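Asks: These protein sequence lines are chains A and B, in that order. Residue numbering for the first sequence follows this note's numbering, beginning at 442 and increasing consecutively. Residue numbering for the second sequence follows this note's numbering, beginning at 64 and increasing consecutively.
Wrong hints could be hidden among the right ones.
To be verified - BS3-like cross-link-like pairs, simulated, lysine-lysine; straight-line CA separation at most 27 Å:
(1) A/K577 with B/K252
(2) B/K153 with B/K110
(3) A/K577 with B/K208
(4) B/K254 with B/K208
Claimed, not checked - Just so you have them, the derived chain A footprint on chain B, three or more residues with Cβ under 8 Å:
(5) 118-124
(6) 197-203
To be verified - Taking beta-carbon pairs under 8 Å as the criterion, some of the chain B residues facing chain A (in silico):
(7) L163
(8) L164
(9) F182
(10) H184
(11) H225
(12) H233
None of these hints come from the bench; they were simulated from the model. Nothing here was measured: the structure is a model prediction, and the numbers come from that model. Beta carbons are placed, not taken as given, at the ideal position from N, Cα and C, and that holds for glycine.
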Amino acid sequence: MSSELLNLLWSSFFETLVMVGVAGAAGALLGIPLGISLHITSANGILPRPFFNRIAGLLVNAVRSTPFIILLVAVIPLTRLIAGTSIGTAAAVVPLSIASCPFVARLVETALREVAPGLVEAAQAMGATRLQIVRKVLLPEALSGIVAGLTVTFVSLVGYSAMAGAIGGGGLGDLGIRYGYQRFLPEVMLVVVLVLIAFVQIVQSLGDYFVARISHRNQSSPTSA
Amino acid sequence: MNARAPFAAASSHTPQNSEELPGEARQGIPMVELENISVSFRSPDGKLVQAVRDVSLQIASGEIFGIIGRSGAGKSTLVRTLNLLARPEKGHVSINGQNLLSLGENELRHARREIGMVFQHFNLLSSRTVFENVAFPLELAGHDKAYIAREVGQLLDLVGLHEQAWRYPHQLSGGQKQRVGIARALASKPKVLLSDEATSALDPETTRNILDLLRRINRELGLTIVLITHEMQVVKQICDRIAVMDSGRIVESGKVIDVFRAPQTAITRTMIGEVIAHELPSSVLTRIQRRRLARGNTAGPECLLRLSFAGDDVDRPLLSEAVKRYGLDFNILHGQIDEIQGQAFASLTLLAHAGEEALQGAKEFLRNHDVSIEELNHVV
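The following block holds chain A by itself, in its conformation from the complex (with noise of 0.2 Å):
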């Protein structure tokens, strides 16, 4: 492989980890929040709003059912807004986090429902406000659920990432469409494929190792008889 394609393997490699990266942690930023307040307004939630949990639910799962490549042109307007332009790696950042949001979202939600509700129930009984059942009780036992969820993510936007091509967003998987599939060079498409494989390996098992450091539960006995 000539050094030039090296080169470029090396900067769309660092274009899909911008990519995933910053809409990754954008998605959590607002996908988080969202999870929790997706739970707590549910009917069994500490905060139940079941206008509001609805609406949201709706949003959420509408924008979670648009194909991605869809959701990539549709929201160009939205993308000028915020990135200034409509293409380039900056420019797919905006839809993958609107697609990484609701994700995250569910996710979120997900785990929280995880948590025994007896155990919110010994908090309500013992004075705790609803901010302090999030922050105490919900999120520290819904954690090792939460990261695991985010591991997911990031792994589902390198593959959204590929996509981001059709707004020269860039990345491994622009390359690998190009040079592999246009250009008819089987050995990029290969190397592109392994570095994608090597990269999602790594995240999982990074997201694996610290949901193993956080869980403490059930790791040698049922929490209850």
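Given chain A, work out where chain B should sit, using these hints.
Replies: Positioned in the frame of chain A, the structure of chain B alone reads:
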């Protein structure tokens, strides 16, 4: 410094706790008062369930009050009205003279700190160590680190878990977890402790230890305990008074010894009967059952009876007198003399062989001597 110093104030309010006859109101106002409480809620399939119907009860300061009933009787909901985890649609809840239903959200949170609660499944935070779990209510109340460290240390001493302070709940046994639960419930120095089936997930030995701990806390700290259970054994071991619940109502209540001696309702009799039937060797029960089936499922001349003697009657030769007078033939299948709240209480399970007349005469004679008699043919 005395290790129990933080509780000294609490105990000084009820100085004669251990001397006085338990179960009697020691002060003017009751610690817990429920008036005409009704609670209903919607079950997941949309039906309206009336969990508690028009319940009134008073619990004196320093008392251990048991609420017993089968699962679904409404006892868990009832105990949750005491800290308003379940809000009654009708009635009046007052703890230590304070009307909980009139409180705003903020005031209610403060009031709840005076009411500790322990749970069947412990409800410990798995992400926190034993120390941090016990510290949790103190953190919620905004205490500083030094105070928390001191208090938690004393509480762990009290429940005998000092060595386990830095372990996580999943590393503990069920009994240890419940001790953490109790220490946590005591951290905010409550006046009332609610125990919701606290021993139901534990084996008999551990159950006894936990109940001993609760009794000790009741005596040492003068804490009022409201205990929910479905096990008569639990009630027998530590309660002063009990209420029996069935389908959302209290069907019977009184001192434990009175309820055990002379249960008034069928449900209580069955629950006590189950304790006894449990104590009878199963091979004996099977033999009685087999004979009974051979007779076409009638008791015939055999009658399974439980006699309860209390107080002075325990050591009088009443049975032999009944034998002499009425020609009663019997064998003792099970017998025990217990102390329930400082009073001797004897219970004998007899299999009597006698004609209807002799049996009635003997029962009459014994009843006249304050022996309660209960036919147990239904448990066979």
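Asks: According to a criterion of three or more residues whose C-beta lies within less than 8 Å of a C-beta of chain A, is the stretch 118-124 of chain B covered?
Replies: violated (count 0)
Asks: Verify the interface restraint on B/L163: the C-beta must sit less than 8 Å from at least one C-beta of chain A.
Replies: violated, 12 Å
Asks: Does B/L164 meet its interface restraint, that is, does its C-beta lie within less than 8 Å of any C-beta in chain A?
Replies: Not OK, violated: B/L164 not within 8 Å of chain A, min 16 Å.
Asks: Can the hint on B/F182 be confirmed by a CB-to-CB distance to chain A that is less than 8 Å?
Replies: Hint on B/F182: holds, closest Cβ of chain A at ~6 Å, below 8 Å.
Asks: Would you check the hint for A/K577 and B/K252, treating anything up to 27 Å between C-alpha atoms as holding?
Replies: Given that 27 Å is the threshold and the Cα spacing comes to 21 Å, the pair holds.
Asks: For the hint on B/H184, does the least C-beta distance to chain A fall short of 8 Å?
Replies: Holds, because the Cβ-Cβ distance from B/H184 to chain A comes to roughly 4 Å (cut-off 8 Å).
Asks: If you take the shortest Cβ to Cβ gap from B/H233 to chain A, is it below 8 Å?
Replies: holds, 6 Å
Asks: Report holds or violated for chain A covering the stretch 197-203 of chain B, Cβ cut-off 8 Å, minimum 3 residues.
Replies: Coverage by chain A holds here, the residue count being 4 at a Cβ distance below 8 Å.
Asks: Are B/K254 and B/K208 close enough, with their CA atoms no more than 27 Å apart?
Replies: Distance of about 24 Å is within 27 Å: holds.
Asks: Assess, step by step, whether the Cα of B/K153 is no farther than 27 Å from the Cα of B/K110, and give holds or violated.
Replies: holds, 19 Å
Asks: Need the status of pair A/K577, B/K208: alpha-carbon distance at most 27 Å?
Replies: holds, 16 Å
Asks: Any CB of chain A closer than 8 Å to the CB of B/H225?
Replies: At 20 Å from the nearest chain A Cβ, B/H225 fails the 8 Å test, so the hint is violated.
The structure is inconsistent with the numbered hints 5, 7, 8, 11, although it conforms to all the rest.
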